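*Asks:* Numbered per this note's numbering, the sequence shown spans residues 2 to 169.
No wet-lab data here; the hints were simulated from the structure.
There may be inaccurate statements among the hints.
Label pairs and their computed distance ranges (CB to CB) [what the hints assert, rightly or not]:
id	residue 1	residue 2	range
1	146	114	14 to 22 Å
2	34	143	39 to 47 Å
3	142	62	39 to 47 Å
Predicted, not measured: the structure shown is a model, and the values here were computed from it.
Glycine included, every Cβ here is placed at the ideal spot set by N, Cα and C.
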Amino acid sequence: MAVSTLTHLNFTGNARPALEFYQSVFGGHLMIMAHGTQLENDADGRDTGYVPMAADDPDAERVAFGMVVAENGFRIAAYDVLGSTAATGGIAAPAGPASPRAQGVTHTEPFYVLLNGGSLDELTPLWQGLEQGGTVIAELGPAPFAPVYGMVTDRFGVTWVFGLAQGG
Numbered sequence: 002m003a004v005s006t007l008t009h010l011n012f013t014g015n016a017r018p019a020l021e022f023y024q025s026v027f028g029g030h031l032m033i034m035a036h037g038t039q040l041e042n043d044a045d046g047r048d049t050g051y052v053p054m055a056a057d058d059p060d061a062e063r064v065a066f067g068m069v070v071a072e073n074g075f076r077i078a079a080y081d082v083l084g085s086t087a088a089t090g091g092i093a094a095p096a097g098p099a100s101p102r103a104q105g106v107t108h109t110e111p112f113y114v115l116l117n118g119g120s121l122d123e124l125t126p127l128w129q130g131l132e133q134g135g136t137v138i139a140e141l142g143p144a145p146f147a148p149v150y151g152m153v154t155d156r157f158g159v160t161w162v163f164g165l166a167q168g169g
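Please model the entire structure based on the sequences and the hints provided.
*Replies:* Here you go:
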């Protein structure tokens, strides 16, 4: 039996720019369906089970489902939680404070996305993309406990931990 996981981020109104940002960093294909998207019935005329909202609803353009899928294996999904707003338009379950930590080993975030690559050279451009407008918690590079480590909270409030894939 094979098992896989996919990170799905919940935003409070800015899932679209977040997904567009992740596509700019990781490349790949972007798919976004808004809550106001009209879906068709299946071949037998049955409702598909998704109930879209009226096009004039204030939430109609919010993301009902979005995903970035890149050729290098990167995949992430996101949507906007309806009825949820935040002054910063951040993630629905906000991360803890992003502040420097001694050696970057004390994590206070409720979650983070672990991003492993084959080498520091492979990870560096991804790091440079995610740190734009974000907060670096631990610089990317060698650490006492790992050959490569880094931690950054991006401009959307998502914290990423970088490391080498096993055997990398």
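*Asks:* Confirm or reject each hint.
*Replies:* Do the hints match the structure? See the list:
no.: 1; hint: 146 <-> 114: 14 to 22 Å; in the structure: 19 Å, holds
no.: 2; hint: 34 <-> 143: 39 to 47 Å; in the structure: 42 Å, holds
no.: 3; hint: 142 <-> 62: 39 to 47 Å; in the structure: 40 Å, holds
Every hint, counting from the list given before, is met by this structure.
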